[in-house]
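Participant: Each chain is listed here by its residues.
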Amino acid sequence: MIIGRIFNNTTLNVLKKGIEGTNQRHKAISNNIANVDTPNYQRATVGFEDQLKRVLRGQGVKGVRNHPDHFIIGGPEEIPLIRPRVDIDDGTRFRPDHNNVNIDQEMADLAENTQRNLEFTELLKRRYASMKRVIQTAGQV
Amino acid sequence: MSYQISTSGMTAQRIRMDVISNNIANANTMVTAEGSPFRRRQVLFEAPGRTFAESMTTARRRLNRMIGCGVKVQKIVEDRSEAAYTKIFDPGHPFADENGLVLRPNINVTTEMVNIIDASRSYEANLTAFNSFKKMEERALQIGT
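Residue numbers (my numbering), protein chains in the order written: chain A, 633 to 773; chain B, 351 to 495.
It is possible that some hints are incorrect.
[As the list claims (entries may be wrong)] DSS-like mimics (lysine-lysine), calculated; alpha carbons at most 30 angstroms apart, straight line: (1) 484(B) - 757(A); (2) 484(B) - 648(A); (3) 764(A) - 484(B); (4) 685(A) - 485(B).
FYI, nobody ran anything at the bench for these hints, they're computed from the structure.
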């Protein structure tokens, strides 16, 4: 019960969701890069930050829960339920073969996304380390 | 999954390089098994799981299908048009016709060289994506240590 409450906090959930989202986005960017020479291919993008932002700022509808079986609508409890969203970019025209992958843009996105994933991982690692320290030292007082 | 995506890209570009190398090697092949000069070959790529019909029928929730699963060499095609052959005047050549013209393979070595650079750079881009994912996984394994 107490362990459940320790590990189910908003910071950890946000970081986990960040890692999940960046992993998913990495897949999309890799696929865009692999298909740079495929005619008619349209690039995929992944978004999850806006959903996180909306939940963290308490925007949108929030459902009142007075029973554990109630659906979670809005609020920080919704974070683990967020699904990264995949969109197909069919609005831009870039080349005569209807492929809209801009390799420079994809490589820049790849670098940024990788870095962001490493940041989330590092933060999660530090968070666990500090939790471990608290648990260990609390008993020594 | 991410590894397979990047690997499929590297494989596809490698096949493209093989085909281009073959074109360059045969830039002066005047006769092939079918009797005509060598015809230029090209690689056609396709994105499996990402055709229009498929993406319409696939439920939007199924993330991996939407992102796709890499790239695939659909087929290798030959440029079959007769007009593409270059004609040169060389009456002494064994394959010259009655007007002294010889059909040469429709290969422009410069174009092929440019394409091979393109393929090689695309290969590197896929390799970069591969290595990025390797780094991300490596760090993820260190969580909790």
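Participant: So, for every hint listed, does it hold in this structure?
Facilitator: We went through each hint and held it up to the structure:
1. For the given pair, residue 484(B) sits about 18 angstroms from residue 757(A) by alpha-carbon distance, which is consistent with the 30 angstroms threshold.
2. Pair hint residue 484(B) plus residue 648(A) holds up; C-alpha atoms about 18 angstroms apart against a cutoff of 30 angstroms.
3. Taken as a hint, the residue 764(A) and residue 484(B) pair is honoured in the structure, with Cα atoms around 27 angstroms apart against an allowance of 30 angstroms.
4. This hinted pair checks out: residue 685(A) and residue 485(B) have alpha carbons roughly 27 angstroms apart, not beyond 30 angstroms.
No hint from the list above goes unmet by this structure.
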